[in-house]
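2 protein chains.
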Amino acid sequence: MRQSKLFTKTRREAPKDEVSKNAQLLIRAGYVHKEMAGVYDLLPLGLRTFNKVVGIIREEMNKIGGTELHLSALQDSETWKKTDRWDDEKVDSWFKTSLKTGTELGLGFTHEEPITALMRDHISSYKDLPAYPYQFQTKFRNETRAKSGLMRTREFVMKDLYSFSKNEAEHQKFYDACADAYERVFERVGLGDKTYKTFASGGSFSKYSHEFQTISAAGEDTIYVSRDRKIAVNKEVYNDEVLADLGLSKSDLAEETSIEVGNIFGLGTRFSEALGLAYKDDSGSDIPVFMGSYGIGPARLMATVAELLSDDKGLVWPEEVAPFRVHLVSLANGNDDVVTEADELYRELTEAGVEVLYDDRDARAGEKFADSDLLGLPLRLVVSEKTLAAGKFECVERASGTTQHKSLSELIGMLTTR
Amino acid sequence: MRQSKLFTKTRREAPKDEVSKNAQLLIRAGYVHKEMAGVYDLLPLGLRTFNKVVGIIREEMNKIGGTELHLSALQDSETWKKTDRWDDEKVDSWFKTSLKTGTELGLGFTHEEPITALMRDHISSYKDLPAYPYQFQTKFRNETRAKSGLMRTREFVMKDLYSFSKNEAEHQKFYDACADAYERVFERVGLGDKTYKTFASGGSFSKYSHEFQTISAAGEDTIYVSRDRKIAVNKEVYNDEVLADLGLSKSDLAEETSIEVGNIFGLGTRFSEALGLAYKDDSGSDIPVFMGSYGIGPARLMATVAELLSDDKGLVWPEEVAPFRVHLVSLANGNDDVVTEADELYRELTEAGVEVLYDDRDARAGEKFADSDLLGLPLRLVVSEKTLAAGKFECVERASGTTQHKSLSELIGMLTTR
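Residue numbers (our numbering), protein chains in the order written: chain A, 16 to 433; chain B, 16 to 433.
So here's chain A without its partners, still in its complex pose (with noise of 0.2 Å):
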């Protein structure tokens, strides 16, 4: 894309009532705009890296069996009075409208009660079994105070996957590959060394769930990590029942601060019974469904890669979530040959599915340096009259700041060879 054509600006300050890294660095590099406090609008380079988290968690979730979907944002009161979950004494984070009948409508803010009330068209007998649907939609909570830049809004999409089993063993299955799948997912956008399985509360149904929580200041839980093991436990279970049960002692555990990037959790049959979701088993008595949650949201990971890998220049995106792999800078001040030159990089790189930023525009070099730092992309390519004179374009790694030269074709062959 030429960058003459995109028309978002960047700008030297955030916002004044901006006060998160996240959102700021966001914000001023134009990838996202606030709309208001907790609700963000994604502009087109803060869409193409969120569709990158989504195109990995899809890659993912298809791996282990997900099949993909779409529910909607507005709810029947009736479903969620099945289960407990309407009154807002009950659930704090409902935001409610109303037909202009008066009748009352909520918008999802999780949703357990509408996939358990359709999957009953589709399970009856256990060879319907298991069913895995997941859909990336916008949950809408009416938190008291939104905060943390992207971490927590009001509304977000969700990445959510229900497990439906026969029972908890073949449940147990499900729950351990996606916990598997999480850590891919974590590992592929960049956070997989900072990212720890915890222990968390479970419920009725099950001892634990699971959280990934990620080790950052810019966090709103406290964790203990065990770094040998690799797993860590939630301050509301770090008791000595919970660390003899999972063979910890307090002193190999150190306390952190951490962002909470996804969960899993064991529903049992709370939903499944309550809605009338059971299956004939082969002796033809009605069994209910043993059920499972599976939630991540593609902008709080997104945030925390901002959040975690930028440094003071701007944001610094790992290759598998930059809106794009290459920025092409032009250095013309006025040389034809350089914009040719340009012109040329671009079509080829492109041509051979680079995807490209070339930044096109009639600007100083500080300035173009400074937005390029600021947006992040993992490479750049500079051309300018003097890499036309040495016959290589300047490659510098956004991550590392090394940079090397490099004629055409070795650029194609480093870009295209993996």
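The reader is advised that the hints may include incorrect statements.
No copy is singled out in the list; a pair is fine if it fits within one copy or between any two copies.
Unchecked claim - With a straight-line cut-off of 20 Å between C-alpha atoms, the simulated EDC-like cross-links for lysine to aspartate or glutamate are:
{"id": "1", "residue 1": "LYS78", "residue 2": "GLU370"}
{"id": "2", "residue 1": "LYS111", "residue 2": "ASP91"}
{"id": "3", "residue 1": "LYS20", "residue 2": "GLU185"}
{"id": "4", "residue 1": "LYS111", "residue 2": "GLU158"}
{"id": "5", "residue 1": "LYS407", "residue 2": "ASP236"}
{"id": "6", "residue 1": "LYS78", "residue 2": "GLU366"}
{"id": "7", "residue 1": "LYS222", "residue 2": "GLU104"}
In short, the hints are calculated from the structure, not lab data.
Bear in mind that the values here come from a model prediction, so they are computed numbers and not experimental data.
Chain A is fixed; fit chain B onto it per the hints.
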């Protein structure tokens, strides 16, 4: 995808409260689920079809210079008060909700106001224009009566593009390019010959707006069609003055009922003036930006295709919007050779990049064929003892019913070259 892994089931009968053909078929085939009146979920096959339609629209919008972004559903009243579209007396389709502080928020039924406000951060000079942001985003409309299945719903994704131009001439050029892009969209989804660019009322800034109307008894609109000129006039502007202006006479026009599948609208400076979006021209004067808006609802388009191209056996998808191109139906009847052959064909086609739904279920031929007709994929391939003996697969076109027999290499050739 193996059909045994697709959890959705077809059903013989549509729900009794569902009177529209598009929703009846889409529900029976397991493409959508009705959450409540005017609110539908997209099941896996429905989501795939929907995404195909979205992909076509996205391609055509990108070709004319569109840049994708994503705005929030939650809306701040302040922005809308400035254009006098907050009051329920003025706009009767708002769903409203509120924060815990009592602050009232709206759920966007369209996005002229927030996109105009947002663009103030990015447009200040004539060099920043034109700009063509668009999105696929969920709109909420508090319809008094939801009707016509997926045609008029209370929650739906809309592709809305907004054009920001220096002046009316620049605007008109894009407006015409977008009209052409819309024609290509309707052509590609299979509605080209039934869809007419229709003159409708403009507003304070343009004489006419244009709708794209698809002739169908299931529609809500009345238009007057000139088949010769491939244009139409909406009943609301069907008068002598307009006909004279367009060089049409009543005798050339046929009255038809139709579905509005898209619209494009010149907005002039109504929004930019109210919200202070202006640019400096080369003399340094502030000029309000000239705007337009361009909408298509992908789910309505999918429903229109379902409504118009189906037959008494079920859905009939054109190739570009079908959830899968091929429906591979194996009639094994306990014959392992048939299973092996069908598995192998599935593998070969999938590896060749062909999208295949593979009915590997243990079910009777009659049930499989009835389901296959209902699902409506463009090409059915049958593997049975009979085809095994003949050494060729049976290939049936869903739309025409034409049957051919082809070897594997002939099939791969047919499905991969174009």
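Give the relationship of LYS222 and GLU104 under a CA distance limit of 20 Å: within one copy only, between copies only, both, or neither. Classified as neither: same-chain Cα gap 26 Å, cross-chain 53 Å, threshold 20 Å.
Intra/inter-copy verdict for LYS20 and GLU185 if alpha-carbon distance must be at most 20 Å: Between copies, since 16 Å is at most 20 Å while 52 Å is not.
Which holds for LYS111 with GLU158 at a C-alpha limit of 20 Å: within a copy, between copies, both or neither? both (13 Å within a copy, 17 Å between copies)
If the cutoff is 20 Å on CA atoms, where do LYS407 and ASP236 land: within, between, both or neither? Let me know, please. For LYS407 and ASP236, neither the intra-copy (49 Å) nor the inter-copy (62 Å) Cα distance is at most 20 Å.
At most 20 Å between alpha carbons: which applies to LYS78 and GLU366, within, between, both or neither? For LYS78 and GLU366, only the inter-copy Cα distance (16 Å) is at most 20 Å; the intra-copy one is 30 Å.
Alpha-carbon proximity between LYS78 and GLU370, which holds within one copy, between copies, both or neither at 20 Å: between (25 Å within a copy, 17 Å between copies)
Regarding LYS111 and ASP91, is the shortest C-alpha distance of 20 Å or less found within a copy, between copies, in both, or in neither? both (10 Å within a copy, 16 Å between copies)
In summary, the structure is inconsistent with hints 5 and 7 from the numbered list given earlier, while agreeing with the others.
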